[in-house]
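> Please work from the sequences and hints to get the whole structure.
Respectively, the protein sequence lines represent chains A and B.
Here the working numbering is used: the first residue of the first sequence is 1, the next is one more, and so on.
Here the working numbering is used: the first residue of the second sequence is 1, the next is one more, and so on.
Hints may be right or wrong, so weigh each one.
Said to hold, decoys possible - A few chain A positions that, by computed beta-carbon distances, are all more than 10 Å from chain B:
(1) Ile2
(2) Asp13
(3) Glu29
(4) Gly153
(5) Tyr170
(6) Ala236
Said to hold, decoys possible - What the simulated footprint calls covered on chain A by chain B, stretch by stretch (three residues with Cβ under 8 Å from a Cβ of chain B suffice, anywhere in the stretch; the number is not a length):
(7) 18 to 27
(8) 57 to 63
(9) 135 to 143
(10) 160 to 166
(11) 227 to 233
Keep in mind the hints are simulated off the structure, nothing from the lab.
We put the CB at the ideal spot given by N, CA and C, even for glycine.
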Amino acid sequence: MIAHDWFVEHRTDFVARTLEPDEERSFTEHLGGCADCRAAIARLEQELAWLPMGLAPVPPRPGLTRSLVAGALGERRGPPRWLVPFALAASLALSLGAWFWALGTTRAFERQLAQERGRLVEELAMTRDTLGIIREAGMVRHASISMGKKQGGMLIFADERTHRWNVVVYGLPASEPGEVCQFWFITDSGMVRGVEVKTDGRSPALLTLPMPPNARNVMGAALTIEPMGATGAAPAGVELAHLML
Amino acid sequence: MAVPDSQHRLPRPDAPGPRLLSDAREASLAAGLIARDERALVQLVEVATPWLLAVAQAMLADRDEAEEVVQEAFTIAWRRVDLFDQSSGRLMPWLLRITRNRAIDRLRGRRRRVDKARRLLALGGLGAGSAAPVEPDEAGTPGWQVHRAVHAALAALPPDQRDVVQLAYFEGLTHSEIAGRLAIPLGTVKTRLRLAFDKLRGGLSSLKDWVV
Ligand SMILES: [Zn+2]
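Rendered as structure tokens:
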């Protein structure tokens, strides 16, 4: 049992996130039952709100802002994610070939290619990390969904390491006009609205989802049909699937 | 080890004076997001991206990964704008907080600090990864005045306190990791951080406006 003084003393550390992981967990649990600390934390967060702006701004690469908007809107960018490792492997092979060729040419070109190779190796590591959500998922859950003659399902790969899920929704027909297919997190404090899932009856929808902010305990997920534009905190439409971890 | 240096990039004397993004304007941006107005999202992305990239890149020392984190922040802002509490905060600090938390989660989840330290060394120091060149018309950069004020508050800290803030707040290290990095006792780390944050809270409390 940690004395309350400890929490009072470490409030700023909690906001700054300098506590060790187990201390941070204890603090988060404590906040659930302590209104004083919650209020103090909110105040500290406001007081330090602008601190991150002490860093000089980094100009975005050309095209990044457009791609960020598209990404937030859920529009597909670039090739499907599963294609990326193959494309990277191919370009890495090409780059390595070019690298050997460059040995016979100028040193500057050689350096440039080595840098390129380093960048690709990093990209590959990152892609592996994304795939890691599937490969190293601590938990995989599946629910079958029947819609008329269509048989589909929802598959969840939960990676506790990075607190992210890869969710595959497949085999569902395109939504009716005025309706959307809505993903929900089931948490210990109720349903939390996730993202809209674009279904087209042909290709599966693949979503990489961070855990909802402020949700302490995510216990499962649900898929419903909701009226388009609905923003309610709880589902109002037909439930297609319901999965508990 | 130093706070990212921007003193040499202060606005030119003849640069246009700053304009405040009023509470009303920011509220209308937030209202636009809530109303699913894509133009509000576009405006927000244009204004906020350089600052969010700075936070994510300083932590992760990896541009591609930083862009992923910024993407996550905007995705949350667009899809979960219901989580934004207009009564208790501003849009920009909310985005900064999401970005910083996501970057720290990644750092801790992946245990990649060793790699990162190696990359930072290769980059030639702490400032290099986070303080990329800025366009010459900084005074026109939305938020530049806020940056100057925060920078001044950081610069006013004694060097030993500034160093622990740099490692803790801008690089996401925990108390014990900072103690290891600087080879100083854990208690000293905590004391320095506490003193520094007390000063920063005082120094930043007057900053209310997001300035364009
Ligand atoms: Zn408490």
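> Hint compliance check: list the failing hint numbers for this structure, sorted ascending.
The structure conflicts with hints 2 and 9, although it agrees with all the remaining ones.
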